[in-house]
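**Student:** Here is what each chain is made of, one letter per residue.
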Amino acid sequence: MTTNTDHPSREVLERFLLAQLPASESRRVLRHLLAGCQDCQTNAGAAWKSTQPGAMSLPLDPALDARYDEVLDRVFQRVERVERVLARERSQARELLAALEPHPIQRQLLMLRNSAKFRSRALCEQLIEASQERGFKDPERALELADLAIEISRSLPEETHGADPPTQLESRAWAQSANAQRILGNHDGAERCFETAEELLAESQGVGIFDEARLYDLKASLRRDQRRWTEALELHDRVIGIYQCLGQRHLLGRAYAQKATVISEVGDFASSISLLRRALELLDPKEEPRMFLAARHNLIWALCESERYREAFALLFHTRPFYLQAGDRMNLLRMRWLEGQVAAGLGRSEQAEVAFLEVRRAFGELSLDFDGALVSLDLAVLLARQGRSTEVQRIAEEVLASFVARSIHREAIVAITLLKQAADQQRAEVDLVRQVSSFLRRSRSNPELAFERGSGLEVPPRAAS
Amino acid sequence: MIALDEIFIETSLETFLEEARPRLKIIFSRYRIPPDDTEDIVQQALLALLYRLGSVRDPQAWLIGTVKNKCLLYWRDQRRRLYDSVDSTVLEWIARPSSPEQEDDDVRRDLDAVIETLPNRCRALLSLRYGLGYEPPEVAARLGYSASSMSKITTRCIAMLTRQLLVAGLGRKKI
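These protein sequence lines are chains L and V, in that order.
One point on numbering: in our numbering, the residue at position 211 of the first sequence is 343, and numbering is uninterrupted.
One point on numbering: in our numbering, the residue at position 122 of the second sequence is 177, and numbering is uninterrupted.
The set of hints was computed from the structure by calculation and includes no laboratory data.
Treat the hints with caution; some may be incorrect.
Stated by the list, open to error - Quick partial rundown of chain L residues pointing at chain V, CB under 10 Å, derived from the structure:
id, residue
1, F208
2, I374
3, E490
Even for Gly, the Cβ is constructed at its ideal location relative to N, Cα and C.
Modelling step: build the complete structure from the supplied sequences, incorporating the hints.
**Tutor:** Spelled out as structure tokens, the structure:
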């Protein structure tokens, strides 16, 4: 059709650009272009540009509009049929889940293997969602539910009403299993599960970016727990990019809030505050009230850490109804603790002391020793500021005794011992108490962290005393 | 904001789809997707939406975002096919034993001229690939790339070569 001196037509050039020409003809066009035919390069350039997104002018050509309508009519009819089938399957799956629920896990696995009626995509999806809901409340059960979902996903037929391939569902189930392992503290197990989940996701052709976002979101939590901050932040950024692309405002807000927790961990409170503010503009309190409250709580806390107590006070005032609405004791105690921190920052020492004592007592009743110790140290900062060194000394003794009795990790005991020694010598300054308090907060999720005895705050060696 | 299942209870799937129709057509025309090729894109996106009833928060935005992403992937696939076609055509050409010598020389000279206009990194890679017949692992070893990144780097360089051929023009003799 073309020779070196024979110019390819516009149609041939377009087909060449769409890789629709037979090899021999493609070779001829390429040869022609290689030889530097400027007319054909101009035409090819124009054809290339006309196949770029955004090149089509609006309004639509009526003939093209009609052809799009034909396709959409066909697809919509098909989708409506599938929706009816799915509604039936979902209803059946709820019954199947209820039938499984009363049995122990081994029996449940047996039921899945022996009865074909359990090989249902809808049941598998409900198990994954149930596992997600159990999450922190009952991670062991969350793990069992994810494992059941894995079992079902492996037995599903390749094609179900044009749905995503079963490997994609299996990938989601593995990711959920990984998350449960992470919550249970089994980071190696979680790592292996994520590897499988990612391999399966890569195998699934035409996979939706929504599922990628969910996987990265869960994996970012593992990286955060492993204190691999850079990787955690990269994963959060990918999730944010996907939710932006999909216009998922609430989920985007959630992703910003989660990224902010990582940024807080590395001590960049200014960035954390900015991210949390963005998150709160996007999060819908009706959709997920606990997430909304957590983001506000973290923002108030970050403001306190940045010593922006007036802003923290105002936000706390407006957030109180959300704490009261959540209603559970832990949230109310967290609110009271923040009230103490804000009052202390604003110089309202008496109010702060009352709040800290109240929260410390409540944590003691709930046997939450570590939280109790952190409140005690906030109280100790307050007392040290007022020069009440005997009371600081008593607090250091109590915390140390509690840590030793509960075998709290070694470095925490080292930090408290240093504080106690300083207090014994009436040398427990505000900065030292704050340093120990900040260390305990950071070491909570990282018992390997060593207490840095720097910044001129070291307690003199015993021999000197 | 309300969840997808609430939407379908309050309105109906039919209403939801009709609301989506004009926006879908605008996206397809803007991305220049031939009507025949839109069927898979829109069906996959809608079925994915149905299967994610519990998780999707704003279904219209989700559908539009997903379809746009699929349109981008569609063009990425098309482009990749074009790059593969250019690459295999060149490889086949330079490997053909039966071509007349003069024609071979011309092709090589013209190809070298185009490659000369590319950035250093691609120049080196394509010269080894097309000029000396190096296999990707040999190119990787020679240029210091990891074997795992070779495929991506090669595709990028072939893409540049293709664009140079099609868009930038060579500014050489007119046939």
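**Student:** Give a verdict on every hint.
**Tutor:** Status of each hint after checking the structure:
1. F208: holds, 5 Å
2. I374: Hint on L/I374: holds, closest Cβ of chain V at ~9 Å, below 10 Å.
3. E490: violated, 37 Å
The structure fails hint 3 only (numbered hints given earlier).
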